[in-house]
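Chains as they are written, first to last, in this note's numbering: chain A, 1 to 344; chain B, 345 to 841; chain C, 842 to 1175.
Hints in this document: simulated from the structure, not taken from any laboratory.
You may find that some hints are simply not true.
To be verified - Not the full set, but computed from the structure, chain A residues with beta-carbon under 10 Å of chain B:
| no. | residue |
| --- | --- |
| 1 | THR83 |
| 2 | ASP87 |
| 3 | GLY136 |
| 4 | HIS195 |
| 5 | THR196 |
| 6 | GLY199 |
| 7 | ARG200 |
| 8 | GLY201 |
| 9 | TYR203 |
| 10 | ILE204 |
| 11 | GLY207 |
| 12 | ASN208 |
| 13 | ALA212 |
| 14 | GLY216 |
| 15 | GLY276 |
| 16 | ARG277 |
To be verified - Computed spacing ranges between beta-carbons, pair by pair:
| no. | chain 1 | residue 1 | chain 2 | residue 2 | range |
| --- | --- | --- | --- | --- | --- |
| 17 | A | LEU219 | C | PHE1006 | 39 to 47 Å |
| 18 | A | VAL165 | C | LYS1028 | 29 to 37 Å |
| 19 | A | VAL165 | C | ILE1147 | 33 to 41 Å |
Where a beta carbon is used, it is the ideal one built from N, C-alpha and C, also for glycine.
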Amino acid sequence: MPRLTRKFLGRHEVILFLAVIAISVIIGLFNRAFLSVATIFEILRGSIPYALMGLGILPVLLLGEVDISFVGVAATTSLVAHTLLHDFGYAGGIGGYILIALPLGAAIALAVGLISALFRLPVFAVSLGFWLMLYGFNLFFISPEMRFDLPLGLVGFYNHFLIKVQDPIVGETGLHVAVVYVVLAAVAIWLVLRHTVIGRGFYIMGGNREVAVRTGYSLVKLLCVAMAVNGALAALAGVLVLQCAYKRFFDPILFRGAELYVIAAVVIGGTSITGGRGSVIGVLLGVVFVQVITRGLIYLGVEPTWQQLVVGCMLVVFFILTSLRARLLGGHPGRSGLTRGEGK
Amino acid sequence: MPTFLRVEHISKRFGGVIALDDVSLGIEEGQIVGLVGENGSGKSTLIKILSGVYTPDRGEIHIGDRRYKRLTPIQAIREGISVIYQDFALCPNLSVAENIAIARWVFSGRRTIHWRRMYREAERALRQISDQIPLDIEVGQLSAADRQIVAIARALLEQARLIIMDEPTTALTEKEITSLFRMLKRLREEGIAVLFVSHKLHEVKEICDRIVVLRDGRKVYDGTAAEADIRDLQVYMTGRVVEPVQFAARAGEVEGPPLLRVEGLTLEPYFAAISFKLKRYEVLGITGLLGSGRRELALALIGVLRPAAGTMEIEGRPVKMGNIWDAWKLGIAYVPEDRISEGLHLPCSITANVILPNIRRLAGPLGFFNYRRHRGIGERWRRELSIKAPSAETPVRNLSGGNQQRVVLAKCLATEPRILVLNSPTMGVDVASKAAIHRFIRELCDRGMGIILISDDIPELLQTCDRILILKRGRISHALRGRAVTETELHKMLMEG
Amino acid sequence: MHKRWMLVALTMALVVGIFINVVGVAAEKGKKPVIAVVVKSIAYRWFQRMAEGVQQFAKDYDVIAFLQGPPVADSAQQVALIEQLIAMGVDAIVNVPYGVPENEPAQKEAMDNGIIVITHEAATTRYADYDLEAFDNKSYGEEMMRQLAERMGYEGDYVQFVGSFTNASHMEWQEAARAYQEEHYPKMRSLGIFESKETEAYTVMKDLLKAYPTIRGVLGSSALDVVGAGQAIQEAGLNDQIAVVGTSIVSYAGELLKTGAVDLAMCWDPALAGYAACVVAYKLLMGEEITDGMDLGVSGYEDIRIVVNEHGVPVIYGKGWILIDASNMDQYNF
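In isolation and in its complexed conformation, chain A is listed as follows (with noise of 0.2 Å):
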C-alpha cells in the first residue's frame, strides 16, 4: 500500500468514520426510513450529553486514571441548580442552570481529583466513592422525586432548533442549538490537547510518568485540570439533557449507569483505558457509533428483548476487527489504544 493510504487507514479514527457511514447505510436499506435528515438530527440531538460527558473524560483517561464520579457530577449539579433556581423563582432560560452548574461540577471533580492526589490513591476507587455519595445525596436532601416545574424559560427549550426541518412522519425537528456547546468544548479541548504544552502533557504523563515528572511536568495539576474540565462538562451535559434531549424533569438518579456507556463510547473512540491515547474525533466518534448501533436496532425490527445482546455482541465484533486491522497493517497493535501494546 503506498504510505500515505496506509497513514490514512492506520488512523482509527478514519475506519470508525467508515464503520458508521457502513452501519448507517446497512440499516437504511433495511428500513428507509433510517436515513433521513430528521434521523440525523436526532442522532446528534441524542448524542449531546454524552458527547460532553465523553470530551470531559477524554483528558483524565489519557492521563491513566478512570473516573465515573462524573455522572453524579451532572445529576448533583443539575439538581442543586434546579432546587436554587426554583426557590428564588427564577424564571429564564438555561443559561441560569449552566452559571450555577458548571462551577459546582468542576468543583466537586476537583475534589475527586485532590483526594486521590493527595492520599495517592487511584482516582477510579475516590470516584467509586464520590458516585455513591452523590446520588445518595440527591435521594437524600434534595428530592428522591422527578422534578417537573420547569422555569418559564426552559419550556420549550427542547425545541431550539438551529436548523429546522420537517419529517413527513415525526413532524418538526431539527439541530438543537446544544449542539453549538459541544462544538465549542470539543474545539477547546482539541486546541489544548493538540497545541499547547500543558496538552501534551496529558499524553506524556499517560505514556510515561517518569519522563513527564523528569520534563517538569506536574501529576497533580494535570490531574486537577482534568477533573475540572471532567465535572464542569458533566455538568453541562446534566443540565443540558434535561433540555435538549428528551428529559422534560429534573432527575435525582440522572445518567445512573450511563458512565458504563460513556466509557464504551469513548473506548470505542480509541481512547486507551490506561493512558496515552486517544482523541478528541475519536471521542465524538465513539459517541456517534453507539447512538447508531443502540438505535438503529429499533428500525432493524430486532426484538426489544434481544437488543442489548445484540449491541454487546457487535462491541465485541467491533473491537476485534479492530485489533486484526492493527495487525494487518503494521504488525504492531496497540495504535488504537483499543489493543493492548505487546510487551518486549
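Given the coordinates of chain A, assemble chains B and C onto it according to the supplied hints.
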C-alpha cells in the same frame, strides 16, 4: 582537550552504607569514558549525583569555571548533562519527533506547540545520527536500537555536552552495538563527552578512551583503555580472580536416542526447517541477531508457540505440547530473558516463586495448598544457589539482578526438568554472578540434563556450549562445535550475509 | 421485664423524638385503637397522598391513625420504625415495605406481639394477617387493553412499553393485555414490548414512529412511558391518530392529557388504598371477618376478591384503579 567536568572528593552515604567514598574523576570534552563496576559498586549513585537527583554529602562538581556543592536536575540539564537511561525514558504513544523535541519546548517556557517547527528541530537533531528513522512514527513501534537513537537525538537537541549512557548495549544485538559505537565516535568528533556505564568489559575496552573502575564506592582504577587489560579490569572490579569455566564434554559417551530431537520445525515467518538433536550431558547454544527467530524458537520448544509443521521427540517418543504446563510435565523448563515480566512475581517471597510451577504437584488432593508445609523448599534452593537474601521469605523485589536471576533458575530446577531452555540468562548481570551462572549451567549439565542456551553473548556461548547453532532469518546457517571456533570467527559468522 | 423494655423504648423514642408526637399518642392510648401506617419513604408525593386517605379514615372511624416513613426509601430505617411502633404497643400496623423480604422479620415480630399486620404492595409476603392490593396485575392489564382498544376503534398496530424488562409487574400487565387483545380484538396487533429504561420513552417512540408508520396505539407501564411517548407523538402532530393509554399520574402527564397527546392515564389512588388498608385493620381489630366479595366501603374496593398466596397469607384484591382523562384530571392532584 579541555576538561568539561570534574568531580572532586565526592562522598555519599545512605544510612550505614557508603555508596561513594571520596571519588574524583575528570571528563574531557570529546572523550568517551567507560565507568565499570559490579552491582552496588556506586555506578548508579554517581550517575544520579551528576544528573542532580542525589545531593553528595561531601565534595564538589566543577563544570567550566563553575563550582557546585550540588546540582539540581534543571542545572544539570542547563550545563548540558544528559542521561540516557536503560529504558530510554521515552513515551511509546508519541511520535519520534515529539519525543525528541517536547522537553525542549517545555524547558524553553513556550506555551503552545508549533508542530512544523517542532518537527524541523527534531529532524535536525535526529539526522545528525540517523537517516533511517521516520519522524512521524510512534516510538512504541521502534526497535530498542532505534529507541536509543531517539533518546540520543533528544539529548543532542537539549545541547548535551556530556551524555551519560547507562548500560546502553543491554537490549542491542551485536550489529546494533556496532552502529551505536559508530555513532558515539561521531559524537566524540563533535566534542561531546560520553560516560559509558557498563559491565561488559570487551565493549568498554573497544569503545572507550579511558576506563574508570569503581568497587565498593571507591575508584580503584583510572587509565587509558589502550593500556587496560580485560583480565586486570576484572580483578579490579571483583577484587578477585575469576576463573573461566573449565569443562569436559561428556555427551559423546552417551548411548541411546537423543534427549530431544527436533525435525523440520517451522513457524512462518519466524523460523523454518529447524532440525537438531540434544543429548544428555550437553549444552547446545543457539544464537543469532535480534529478530533471527531465536526467541520464537525457544518459545516453540517450551510449548508457548505452536509450530505449524515439524516434529519433536523426547527420548525417542514423539510429543505434542499445547501450552507451557505440557512442557513442564514433559520435563522441559524455561528461563525467560525478561525475568521480571515473564519469570518472577516481584512482591512474592523466594519460596513462593520457587513453588509456583510445582503448585499442582504439591497441592493436596482437593487442590488446596498448604504453604507452611512447603516452606523448606525455598530455603533449600536459597542455600543451593547461594542466593544472597536474609531468608527464603524475602520478597524477590529486594534482591539484586544477579540474585533474581538465580531465583528464576531455582524456580525452573525445582520442577526437576530433563531439558532446560535458557534465554539470555546473564543479561544485565555482573561479572561475578555471570561466572557463577556459567559454572552452574555446566554443573547441571554434568548431572545429566540437556541444556539449550539462547544468547547473543559470544564469550558466554564459547565458554559454556558443546555445540552452537547460528540462526539467520529463521534458518540454521551454521552448526559448530563449541571449542572449534574463536570469538572473532563466531562474530564474523554472525554478522556476514 | 416487658414493661421495663417498653419504658426504655418509650424513653428512647422520646429522646430521639423523630417522627411523631409519641406523648400525644401514648396519652390517648387506651381510649381509641391506634393504627400506624408505615411507608417506603414520606418524601414521595405518592405517600403524601396516601397520608390524606389515612387522615380521612381516622376522622371517619374516630381512631388514631397516622402515617410515617423514613425520609429516604430504605428498608433498614423502615424496620427500625416498625420496631419502635411495636415497643409503643400500637394495635395495628399497615406496612408498605420497600424491600419485601427485608421487612418480614419486623412484621413477624409485630404479629408475635399481638399486633395486627396488614401489608400493601407486597402480595408475596410471608408474614401478615392480610395483604391488600389495589388490583391484581392481570385484571389491570386487561383493563388497560380494554381502554386502549376502545380508543383505537378495536383495530390497528400498537406498541407496548415497560420501564425495564426486569420489572415483574410491568411485564405481567403487558402480557395480560396482549393475551386479552389476542383473544378479543383480532384486528389489533402488537409490535412488541419495548424497554423505556424509565426515562427514554421519548427517544424510543421517535424511532418507533419512523420504523413503524402504522402505529395507532401505545400502552405504557411506567409512569413516565406515556409522558415520553406522548411528547414524541405531540411533536409529530399525531395526537388524534394515535391513542396513548397507560399508567401515569396527573403531576407527570397533566400537560399532555390536556392537549390530548395522552388519552388516558390509569393509576390507583394511594389515598383510597391507604384508607382501605386501614379499614381491613379496623375490622380485624373489631373482631370482624374479611370475606370474599365483601364491601370495604371504599371506592374500588366494593367487591373484593381474596386469594391466599404461596405462603398462606390471604391477599385482598380490589378493583382500585382509576381512569384519568382531560375531563376529570382536576380531581387527582397527585
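The hints, checked one at a time:
1. THR83: 40 Å, violated
2. ASP87: 43 Å, violated
3. GLY136: Where the cut-off is 10 Å and the nearest Cβ of chain B is about 36 Å from GLY136/A, the hint is violated.
4. HIS195: The hint holds - HIS195/A has a Cβ within 10 Å of chain B, the shortest such distance being about 5 Å.
5. THR196: 5 Å, holds
6. GLY199: GLY199/A check passes; min Cβ-Cβ to chain B is 8 Å, inside 10 Å.
7. ARG200: It holds, given that the least Cβ distance between ARG200/A and chain B is near 6 Å, below 10 Å.
8. GLY201: OK, holds: GLY201/A within 10 Å of chain B, min 8 Å.
9. TYR203: Given a least distance of 6 Å, the restraint on TYR203/A holds.
10. ILE204: 5 Å, holds
11. GLY207: 3 Å, holds
12. ASN208: 5 Å, holds
13. ALA212: The hint holds - ALA212/A has a Cβ within 10 Å of chain B, the shortest such distance being about 8 Å.
14. GLY216: 5 Å, holds
15. GLY276: 4 Å, holds
16. ARG277: Holds: closest Cβ of chain B sits about 5 Å from ARG277/A, inside 10 Å.
17. LEU219/A / PHE1006/C: 39 to 47 Å: Given a distance of about 44 Å, which is inside 39 to 47 Å, the answer is holds.
18. VAL165/A / LYS1028/C: 29 to 37 Å: 35 Å, holds
19. VAL165/A / ILE1147/C: 33 to 41 Å: 58 Å, violated
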